[in-house]
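Spelled out, the chains give:
Protein chains: 2
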Amino acid sequence: MLRLYDSRLSGNAWKVRILLTQLGIPFERITLDLAKGAAAEPAFRAKSRFARVPVLELEDGRTIVESAAIMLYLAEGSPLLPDDRYLRAEVTSWLTFEQADLLRALALPRFYNMRGIADQMKGRIADFQEGAYAALAKLDDWLATHDWLVDNSYTIADIGMFGYVSMAPQGGYEMERFPAIGAWLARVKAQPGWVPLVEEA
Amino acid sequence: MLRLYDSRLSGNAWKVRILLTQLGIPFERITLDLAKGAAAEPAFRAKSRFARVPVLELEDGRTIVESAAIMLYLAEGSPLLPDDRYLRAEVTSWLTFEQADLLRALALPRFYNMRGIADQMKGRIADFQEGAYAALAKLDDWLATHDWLVDNSYTIADIGMFGYVSMAPQGGYEMERFPAIGAWLARVKAQPGWVPLVEEA
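Just so you know, the sequences run in chain order Z and G. 1 is the number of the first residue of the first sequence in full-length UniProt numbering; add one for each residue after it. 1 is the number of the first residue of the second sequence in full-length UniProt numbering; add one for each residue after it.
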């Protein structure tokens, strides 16, 4: 069985759990306690050259790191990743835009809030917001005229974008500015097989 | 003929020029003057939803944005992108790591230096360096025991990583700390068909 190393609150790992569930692929979930330094342990480092989650471990023991790479690997041959070469490039384009322009800028202010250190990180948060609001405006422009990111259908590009964008308010982002993003987030959450970040008790 | 919209000094566009040259694919190069606001013009925005270079325009007029997506598209079926599904995931993994962890942190300090505003951006540069030195250490660890990023052969993962890492000193990074990266940069530059960022007059 596939094994997914994640953490309770990682948005990048959440994307992979949504995808595995929507593809109907069974997997064993191994949830690391990052606050206790689990990502730095040598046994985990051997699986994850970048010392972070998510990590997908295949049945033969090989591992894949980086959520975009894991999603492209898993979705191959499914309706969530088009076969057409141009459309695949469109999917990769959105996945890398999210990683380059949004991931850190949305995830780190959220992390500072969770740790209660947002006040001392004020300057850094302002820097992140400057770039991320510009990127979110481009995303909102696109979604004002498209239901989905690629080819008018739900793909892993939507899952990859959804994770941290849906959690942006936890980092202090005012998402009311982006009504088209809000409507698209609701469409993604309404997809069959969508799972919440943390399961209710 | 394929058309590449780039700028004189964009590292992301440089990667695509190296790849097109190494694949022996003829292309028309259209170099924008970003300082004059060329990326914001409506005719260019219609080609580039993220308002930036590089943009690859296909013969039918469709465009692909984001360097990683362009490289994956172009390298399909060539020796620079393995066919094997696992190895392709490895390539994507390195490409997204570079975009998420290194691109902005290496490119923006370089940009501040070129604009002569590095002094007023000191705090921001220190923030970038904190993350980027950790990422560069992981890259150096890998290259200490591998000649290339994926499957012991030169692929687009190497080209994607090469661009901004090779220019890191222009952003004030002390790259002597990373001898394995230095040796790998020299190997990449020695590949047939490699082209410099700016052609000598």
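Hints are not guaranteed to be accurate.
Which copy? The list can't say, so a pair holds if one copy fits it or any two copies do.
Listed next, the in silico DSSO-like pairs over lysine-lysine satisfying Cα-Cα at most 30 Å (straight line) [stated by the list, open to error]:
(1) Lys-47 to Lys-138
(2) Lys-122 to Lys-47
(3) Lys-138 to Lys-36
(4) Lys-122 to Lys-138
(5) Lys-36 to Lys-47
(6) Lys-138 to Lys-189
(7) Lys-36 to Lys-122
Just so you know, these hints were derived from the structure itself, not from any lab.
What are the numbers of the hints that this structure violates, sorted from low to high? Hint 2 is the one this structure does not satisfy, whereas the remaining hints hold.
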